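Novice: Listed below are the residues making up each chain.
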Amino acid sequence: MKRLQKAVVFAELANKLAEHGSWCGETHMQKAVYLLQGLTKQDLGYDYILYKHGPFSFDLADDLTGFRADGIFKLRPRPEPYGPTLVATEAAERLRSVFKITSDRFREPIQFVASAVGNKGVVELERLGTALYVTLEDLSRRSVEDRAARLHELKPHVSVTEATEAVKQIDKLREAANTCAQ
Amino acid sequence: MQEGGIQSAEALLLARYFMYSQVYFHPVRRIYDHHLKEFLEAWLSGGKFSTDLAEHLAVTDNEVTAAMLGAALDPTRRGHAHARRIVRRDHFKVLYSRNPQDVDVNPESGQAIFNAMSEQFGPELFHHDRYSQKGGSQDFPVQAKDGRIVSSMLLSEALQHLPLVSIDAVYVDPAKRDEVKAWLSSRRAEIIKPKEEAPA
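These protein sequences, in sequence, are chains B and P. Quick note: the first sequence uses our numbering, first residue 22, plus one each step. Quick note: the second sequence uses our numbering, first residue 10, plus one each step.
Just so you know, the hints here were simulated from the structure itself, not pulled from any lab data. Each hint should be verified, as a subset may be incorrect.
Stated by the list, open to error - Some, not all, of what chain B presents toward chain P, calculated at C-beta under 10 Å:
no., residue
1, 28
2, 83
3, 121
4, 122
5, 124
To be verified - Simulated crosslink set (DSSO-like; lysine-lysine; CA at most 30 Å straight-line):
no., chain 1, residue 1, chain 2, residue 2
6, B, 189, B, 73
7, B, 95, P, 143
8, B, 23, P, 190
9, B, 23, B, 121
10, P, 102, B, 23
11, B, 73, B, 23
12, P, 204, B, 62
13, P, 204, B, 95
14, P, 204, B, 121
15, P, 204, B, 23
16, B, 189, B, 62
17, B, 121, B, 62
18, P, 143, B, 62
19, P, 46, P, 190
20, B, 73, B, 193
21, P, 204, P, 190
22, P, 46, P, 185
23, B, 23, B, 62
24, B, 23, P, 57
25, P, 202, P, 190
26, P, 57, P, 102
27, P, 143, B, 73
28, P, 202, P, 102
29, P, 143, P, 102
30, P, 143, P, 202
31, P, 143, B, 121
32, B, 23, P, 202
33, P, 190, P, 102
34, P, 202, B, 121
35, P, 202, B, 95
36, B, 95, P, 154
37, B, 23, P, 143
38, P, 46, B, 23
Just so we're clear, the structure is a prediction, and the values are computed from it rather than from any experiment. C-beta atoms are modelled at their ideal positions from N, C-alpha and C, and glycine is treated no differently.
Bound conformation, chain P alone:
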């Protein structure tokens, strides 16, 4: 890339960041992913899509959607709980999401909260969603106006400060949200405090 194109590269990388943070990793989209995966795992034979080509192609969105509706309406069917959450829009709600102050104390604060909540109220009421951006770098060679090759990060302040996507959220069954939230609010600081490593 030549130096004249650096702003276009900044715009592209920022647009990608916003797509990830505001769309692909929107909490409601993520939790529907979770409910769908859980439903499919319960509904599909062996918990997976068939690797037989004909059988695989026979399962389209139509089959999945119809099965989901059937399971949502019938508590005896496999995958009922998650199908009902999707169909009734009764998805898990965000209880806790990554906060820079907490990350400073414990980069795995979501895991700590999920563990504590699960122990206190039961794991079936919670879902922990953790994702950190993989690979990729904002560092690439740029040909400067005088012909020299320089790092994009040296040329661009924006690229130096481009955030990375990191998701750390705990979701809760909406029926229990108020109770759980009240319990958590007075204990959060203690829960996220990292425990000193013990000898193996």
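The following block holds chain B by itself, in its conformation from the complex:
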């Protein structure tokens, strides 16, 4: 996928997340893109590692900065707790008319992810993202308990109860994503 096609996808994602009440800071975008790739099987080409606040892609962080340099996104400063909001600019809107096919192809997956996580804060997104990470990390690890234990092992500040809840939510979202795709 070309760089500007990705910009169109992220602009649409940022808009939809905001519509669903998201703060839409960089961390929110990181997690939303991870879920977009992992739940809806839309490959945007980003490799994620498990980092301080869950799955994180350095390439995505670089691209988001690059898009700001190109005027496709801007930062809107906001009071704490999460830092500035990423806002798509008019340039992003113009690109959307050029990349209509990409925009159309991603409309439903983006809507799905935005409605699933748009109202969630960074703490919840960290849990959900990590739950998906442990699920995809080893597909033979099927039981909720095993995956919750793994999540708790990787992120000890997430209790086993919270981890179990996050894994169950991810299972529901995966099922819903599969249903949408059919």
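Given chain B, put chain P in place with the hints provided.
Specialist: For chain P alone, kept in the frame of chain B given last:
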């Protein structure tokens, strides 16, 4: 950081921006990087520095400089073209560089121009240099005078408007520059106009 230090942070970040935009990404420095990389790729065995420690350490600036001079003077040696450009200071020159009006139309205008030029005149005459600043943010927590923690971007107008480094330039063989420039000047607007996405 405390609020009293915000101007020092502004100064530091602005100084870094100027270092990048005026020094590290100066077009002549960048094009010499390109010629050097191309020369090394042609000259080094397998196009890369050896990963054997002794062999790696045996190649110093002296070996590279001597090889470059030798290659510059002898057209039969590997890497001659780029070595000659460095030694004779006959480096590629800027044909096109990022312009805000063009970026508004197409954020990848440099790529569009490079593609069109390469197709018309041959790719060996051109080099496309594209770089956008990676990561890093001017947003960090600051302790305000009343003890509250606030975003640096809320406290500082300067940080809100701190530019990001983005390089998008096309270089051309100086021998062809005038011809290519004349060809480009009447077609630039058409070339950079983004083409609507076609079905896969």
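Novice: Decide, hint by hint, whether the structure agrees.
Specialist: Hints and how they fare:
Here the hint on residue 28/B is kept, as its CB sits about 7 Å from the closest CB of chain P, short of 10 Å. Restraint check, residue 83/B versus chain P: the minimum CB separation of about 4 Å is within 10 Å; hint holds. For residue 121/B, the interface hint holds, the least distance from its beta-carbon to any beta-carbon of chain P being 6 Å, beneath 10 Å. Taking 10 Å as the C-beta contact cut-off toward chain P, the hint placing residue 122/B at the interface holds, the least distance being around 5 Å.
With a cut of 10 Å, the hint placing residue 124/B at the interface with chain P holds, because the nearest CB-to-CB distance is about 9 Å. With a CA separation close to 22 Å, the supplied pair residue 189/B and residue 73/B stays within the 30 Å bound. With a C-alpha separation of about 15 Å, the suggested pairing of residue 95/B with residue 143/P holds against the 30 Å cut-off. Straight-line distance between C-alpha atoms of residue 23/B and residue 190/P comes to about 28 Å, which keeps the hinted pair within the 30 Å bound.
Proximity of residue 23/B to residue 121/B is assessed by CA-CA distance (about 14 Å); at most 30 Å being required, the pair is judged to hold. Distance hint between residue 102/P and residue 23/B is fulfilled; the C-alpha atoms sit about 28 Å from each other, no more than 30 Å. Our distance criterion of 30 Å between C-alpha atoms is met by residue 73/B and residue 23/B, whose separation comes to about 29 Å. Between residue 204/P and residue 62/B the CA atoms are separated by roughly 27 Å; this keeps the pair inside 30 Å, and the hint holds.
In summary, the hint linking residue 204/P to residue 95/B is supported, as the alpha carbons are separated by about 25 Å, within the 30 Å threshold. Between residue 204/P and residue 121/B the CA atoms are separated by roughly 11 Å; this keeps the pair inside 30 Å, and the hint holds. Simply put, residue 204/P and residue 23/B have alpha-carbon atoms about 13 Å apart, close enough for the 30 Å limit, and the pair holds. A threshold of 30 Å between alpha carbons decides the hint, and for residue 189/B with residue 62/B the separation of about 19 Å falls inside it, so the pair holds.
Using a Cα cut-off of 30 Å, the hinted pair residue 121/B and residue 62/B holds, with the two alpha carbons roughly 20 Å apart. At roughly 26 Å between alpha-carbon atoms, residue 143/P and residue 62/B fall within 30 Å of each other, so this suggested pair holds. Between residue 46/P and residue 190/P the alpha-carbon distance is near 26 Å, which keeps this suggested pair within the 30 Å criterion. Pair hint residue 73/B plus residue 193/B holds up; C-alpha atoms about 25 Å apart against a cutoff of 30 Å.
Distance hint between residue 204/P and residue 190/P is fulfilled; the C-alpha atoms sit about 23 Å from each other, no more than 30 Å. Between residue 46/P and residue 185/P, the direct Cα distance comes to roughly 22 Å. Compliance with the 30 Å bound is thereby established for this hinted pair. At roughly 17 Å between alpha-carbon atoms, residue 23/B and residue 62/B fall within 30 Å of each other, so this suggested pair holds. Between residue 23/B and residue 57/P the CA atoms are separated by roughly 29 Å; this keeps the pair inside 30 Å, and the hint holds.
Restraint check for residue 202/P and residue 190/P: satisfied, since their Cα atoms lie roughly 18 Å apart, inside the 30 Å limit. Taken as a hint, the residue 57/P and residue 102/P pair is honoured in the structure, with Cα atoms around 26 Å apart against an allowance of 30 Å. As the CA atoms of residue 143/P and residue 73/B are separated by approximately 19 Å, the hinted pair is consistent with the 30 Å bound. In summary, the hint linking residue 202/P to residue 102/P is supported, as the alpha carbons are separated by about 24 Å, within the 30 Å threshold.
A distance of roughly 26 Å separates the Cα atoms of residue 143/P and residue 102/P; the hinted pair therefore holds under the 30 Å criterion. Restraint check for residue 143/P and residue 202/P: the C-alpha separation of about 26 Å stays at or below 30 Å, so the hint holds. Taking the CA atoms of residue 143/P and residue 121/B, the gap is near 28 Å; set against the 30 Å cutoff, the hint holds. A threshold of 30 Å between alpha carbons decides the hint, and for residue 23/B with residue 202/P the separation of about 16 Å falls inside it, so the pair holds.
Restraint check: the Cα-Cα separation between residue 190/P and residue 102/P comes to about 11 Å, which is no more than 30 Å; the hinted pair holds. The hinted pair formed by residue 202/P and residue 121/B meets the criterion: a straight-line CA distance of about 16 Å does not exceed 30 Å. Using a Cα cut-off of 30 Å, the hinted pair residue 202/P and residue 95/B holds, with the two alpha carbons roughly 23 Å apart. Taking the CA atoms of residue 95/B and residue 154/P, the gap is about 28 Å. The hint holds against a cut of 30 Å.
For the proposed pair residue 23/B and residue 143/P, the alpha carbon gap of about 18 Å is at most 30 Å, so the pair holds. Annotation: proposed proximity of residue 46/P to residue 23/B holds, straight-line Cα distance about 26 Å (limit 30 Å).
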